[in-house]
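*Asks:* Chains as they are written, first to last, in the numbering used here: chain A, 981 to 1333; chain B, 981 to 1333; chain C, 981 to 1333; chain D, 981 to 1333.
Please note that the accuracy of each hint is not assured.
In this list, chains with the same sequence are indistinguishable; a pair is considered to hold if it fits within one copy or across any two.
Said to hold, decoys possible - Below, simulated DSS-like cross-link-like pairs (lysine-lysine); rule was C-alpha separation at most 27 Å, straight line:
no.	residue 1	residue 2
1	1317	1217
2	1318	1217
3	1248	1065
4	1217	1056
5	1065	1318
6	1318	1248
Hints listed in this document are in silico derivations from the structure and should not be mistaken for laboratory results. None of these values were measured; they are calculated from a predicted model.
Number of protein chains: 4
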Amino acid sequence: MSKVWDMAGYWFSLHHLLQEISEPDSEPNNMKKIAIFTSGGDSPGMNACVRAAVRAAVYYNIEIYGIRRGYTGMIKGDIVMLDSKAVSNTVQRGGTILKSARSEEFRTPEGRKKAYEQLTALGIEGLIAIGGNGTFTGSDIFYNEYGIPTVGAPGTIDNDLYGTDYTIGFDTAVNTALDAIDKIRDTADSHDRIFFIEVMGRDSGYIAIQSGIGGGAELVMVPETNSSIEEVIETLKGGWNRLKTSSIIVVAEGEDEGGAIAVSNRVKKHVPYADIRVTTLGHIQRGGSPSAYDRILSSRLGVAAVEGLMQGRKNVMAGIINNEVVYTPFKETITLKKPIHPDLIRLVNILSV
Amino acid sequence: MSKVWDMAGYWFSLHHLLQEISEPDSEPNNMKKIAIFTSGGDSPGMNACVRAAVRAAVYYNIEIYGIRRGYTGMIKGDIVMLDSKAVSNTVQRGGTILKSARSEEFRTPEGRKKAYEQLTALGIEGLIAIGGNGTFTGSDIFYNEYGIPTVGAPGTIDNDLYGTDYTIGFDTAVNTALDAIDKIRDTADSHDRIFFIEVMGRDSGYIAIQSGIGGGAELVMVPETNSSIEEVIETLKGGWNRLKTSSIIVVAEGEDEGGAIAVSNRVKKHVPYADIRVTTLGHIQRGGSPSAYDRILSSRLGVAAVEGLMQGRKNVMAGIINNEVVYTPFKETITLKKPIHPDLIRLVNILSV
Amino acid sequence: MSKVWDMAGYWFSLHHLLQEISEPDSEPNNMKKIAIFTSGGDSPGMNACVRAAVRAAVYYNIEIYGIRRGYTGMIKGDIVMLDSKAVSNTVQRGGTILKSARSEEFRTPEGRKKAYEQLTALGIEGLIAIGGNGTFTGSDIFYNEYGIPTVGAPGTIDNDLYGTDYTIGFDTAVNTALDAIDKIRDTADSHDRIFFIEVMGRDSGYIAIQSGIGGGAELVMVPETNSSIEEVIETLKGGWNRLKTSSIIVVAEGEDEGGAIAVSNRVKKHVPYADIRVTTLGHIQRGGSPSAYDRILSSRLGVAAVEGLMQGRKNVMAGIINNEVVYTPFKETITLKKPIHPDLIRLVNILSV
Amino acid sequence: MSKVWDMAGYWFSLHHLLQEISEPDSEPNNMKKIAIFTSGGDSPGMNACVRAAVRAAVYYNIEIYGIRRGYTGMIKGDIVMLDSKAVSNTVQRGGTILKSARSEEFRTPEGRKKAYEQLTALGIEGLIAIGGNGTFTGSDIFYNEYGIPTVGAPGTIDNDLYGTDYTIGFDTAVNTALDAIDKIRDTADSHDRIFFIEVMGRDSGYIAIQSGIGGGAELVMVPETNSSIEEVIETLKGGWNRLKTSSIIVVAEGEDEGGAIAVSNRVKKHVPYADIRVTTLGHIQRGGSPSAYDRILSSRLGVAAVEGLMQGRKNVMAGIINNEVVYTPFKETITLKKPIHPDLIRLVNILSV
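Just need the whole structure built from these sequences, with the hints factored in.
*Replies:* Right, here's the structure in full:
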């Protein structure tokens, strides 16, 4: 049996196990009013997720409210009732119609008390949070204090959340990065240049590895591996010897050796004959109309979040693993690290031959 | 334990089983020369797959040849040696640089004899075929007659091949269809119209169901379910009552009730007050630069095809199931039917509330 | 002096003349309330034009109302006040937020009387109509009966309006058609096929000629020239002799020889060895986010429409000729025909060498 | 007569005049061999221009050669014969298949002597240069020394060349910038942020003004106007008072007050309550498949360049003004400055009301 297959077995048993763990204390309830909000950095697909949750609630005869600007709006009571029509024509929109914001106040007991009072005034019994680990940490604390359960959906382009194969917005972000890399390669080829391209991913190299493979990069530098400046220099010199005239090197934002500018500066000294340029893709990666993959993922998770609350689940994140909906406790999503599939790292080496 | 989870178990054991079956007669060999070709309808990602196979061959010190126009070129000896440079700058290209064609001659013993002679003249010991079931059927017969093994990669936008979650080109085709649906919705909304949009998929509703969900369609008609004209009429009348002014209905090419034109004609009689339009997306769905998903899938499968031949596999298709490479015998890919995930069908109903 | 330059002189004097004609009866007035509507087929950029008109009105302290569904809403009094915020975030949207509809009732004296009463009830003194010749004809009649002047903006993807170099939505439609042709060429090349592609343009070959040149078509069939089936057959046979294996022929919807299906059927008989396919691009050409060109054109025309009303202009269409705003009487836009620039027709022949 | 119309007259007479000036010494010749090259920064449409020139040469029975890497290849004799097939399937490609490079050697008499020897060895009588003023300056000197005439085509995304309304690549670059701005606005709106976006244009604000208008920016800072930091601060504070929660400010690379980072840093101090972000679009603006506008412009100019040489023109740039081909002496393109149309600057103010 091959190693890759064993790994599938590993994934299978692991999530099977988590599933078991989250089962005991969940039993169907009879929620009548829930609320949804987006929190943390926006990502393409958030609106598709909100839309799906709203329509699932309507489908199951549950009243659903939208909280604007995450915990900030929860504290202020910036909460509106939503219906099917309120979310029509939003599946294709980037950003979040519910807006997002950071809330320092929710970190304080006073802030959470106000939030609780706002929710109870409206009779809200459960919450759906679309965001990342910061958001889920807040939900966990809030549940322990006030008993209002949350089911989360993974909304971040970085794909660094344990408990789901892909996060909402990741596929779109990779496609956006790829589109940019394709454009830059036109110039790299025309001028025989070497380009260092920095993509997003503070703690994770998912965007970098996927856009690097898809974009035909010679090298990808990600936090998960120990890429060294020496390796970059060696690769570039090797390409030079093989008369390769242009190269693209994708660098993850959170790379240990520093971002694209820092890396390129160090490399320049060792490959003085090369025409080296640097570009940082930046915020374009967060926006745009969600890809097909993201719209379907988001739609499934929006429905799964509502159904999770209905099943009595609490403080779990709905995710899709191996094409199935799985609920993972916030405790796990916050503490466990999702590794990059070793096949992808192997692929970069083979394809840049 | 939920039903969806059981289904995952089903998938797992099934493929586990197939894996076992294909193991016995495969043992590492020492191939030195292989050839690759594309066959059947072109799909975005075929070039990325060829590129990956070529570079994997170079990586493993195997000589690799490209056969132009599938079996036609195999018979004619239209075969060229490929190296790393020959496939550079192709990862982003739609279509196939090796071209594709149908070959009536390969269906005859004489044709296959000529093909065998061409291959042996060059010393080619194994083949990589990127195509669909028609292609694989040919490979199977060819192996039985002449003993040259083939590893296949699933190249079709229809995603109707058993043995892989996604086929090469499917994700791109869905995104292309979705982009078209987004554009058409602009007009549908502006004019309060009902649009029937026909997407590709002769035997399978994969493109229809995914582009329908992603495009916010009210209804999706696919061969896999028994969609009836009555249901369409009822849905449209229901929408009318809820003051929904525009609707999009996605129809798969192979729908039992007929294509979009046939369906819309029958519906028009029952909803005379509606402004109904029909559009057939057609061939745009086959082309274009492959999406990130397709480039990575294609790259993995190109490498997996070479490694499959090296491991002594024969007459199997390399696919990705649950994010892992799996080799499925052609016999299975040809005879077994891949179902649409029930969650997706359920989703259409919930989201059109 | 070359012939092309003389033609520029022709254009120049012609519009100079029209300008003169439209001057006499226009003198600055002091309008305080105006209304805007979209009518006829939707086109990308209509929202950008509405937005610009609204903001120009705000800028000049004029109250501006939006009439929904064109003349239909004018008769029903479906009219809302607009402000700067009402149109924010619409510049990039396809379709029309004011919606569009055909109105049989406005063709009757009774219908127009109702419309007049609705407008006077609100004190509306001038109208901005974004649409085509059908719309402008209605405006002209309405002015003669009730004295409410209209300034028009050319909203149609067909670019068949005299009095402007480009109409709102044309550039986007050409880019959409081109994107589709690029995708189809992937397949044409991969399979050595000949594709007949039908693009929109009932009376005009503008979309066909521009997307044909941009898409590298071998031949473009437009109503403005006498393309004959014989020419198509000859071109295809010629290409066959030069070992050209794939070809794209763009056919305008309104071609005298019939649409793409009719033409291809007749051609097939004469080139039996060719693999011929047909595709009709259809409604995707109307939608989508407007291109840069269309957003700027629309914005300029929205402002020009408001300023035109302020200057006392009536029953003229604002257009851009040679990069300058020009107002052309509806009488001219309706009766005069805009020719395709002869350079473009010449270009198709040279480029398909 | 309005002021804008007078300006059209100004443009008309000016170019009319230039036309006259360039006429005297041009008389039809009988060139048999010409060569084409791309030089300076690459821009989308360069390939479409090369393709058109090659096919025009074939059409007129002129032999045409491609020089790789501009003046560098001219000196080295890196020159290949081109035919119709060599440029097929390139109309949609970004970058330049002839590659581009800077040549220090061509600035020396020795370098130019070598170039002349390479050209005469092949019998080349005329040159087509796709590039900017740096390229044209070289051509002018080369002609004075060796008598080989050049007709240029304006290849630069910056649109800063006098003698043409649009340069090759400009429309594509604006659309790329606009697409990025649309994406960033998703995030700006979701988080109530202010974004400073830097676009290309070292000496010219064309990309900034067009992408700013098209992207719905509150403010555009270009070298051509005296935008002051004070104005930015005032605008942002004004928006704050009107409860505008997000803003986009487009800054041209060559802005006198510094780039986007410098400007934003100075602004931050005065609007401390705002959440301000900065992004530099960078090299993505140079690449990508050319837009419809750029493909047609490039095609016309490629043909015009060949015809210009045939007409005996020398050291002139082919451009399109008011939709007609015009040849402007390099002396003029190099020394005269093309102003931004005042309507566009006015538009920014009106639209950000």
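*Asks:* Does each hint fit the structure? Answer for all of them.
*Replies:* Structure-based check of each hint:
1. 1317 <-> 1217: neither (35 Å within a copy, 43 Å between copies)
2. 1318 <-> 1217: Classified as neither; 33 Å inside a copy, 44 Å across copies.
3. 1248 <-> 1065: between (56 Å within a copy, 25 Å between copies)
4. 1217 <-> 1056: between (59 Å within a copy, 24 Å between copies)
5. 1065 <-> 1318: Result: close neither inside a copy nor across copies, 37 Å intra and 35 Å inter.
6. 1318 <-> 1248: neither (33 Å within a copy, 37 Å between copies)
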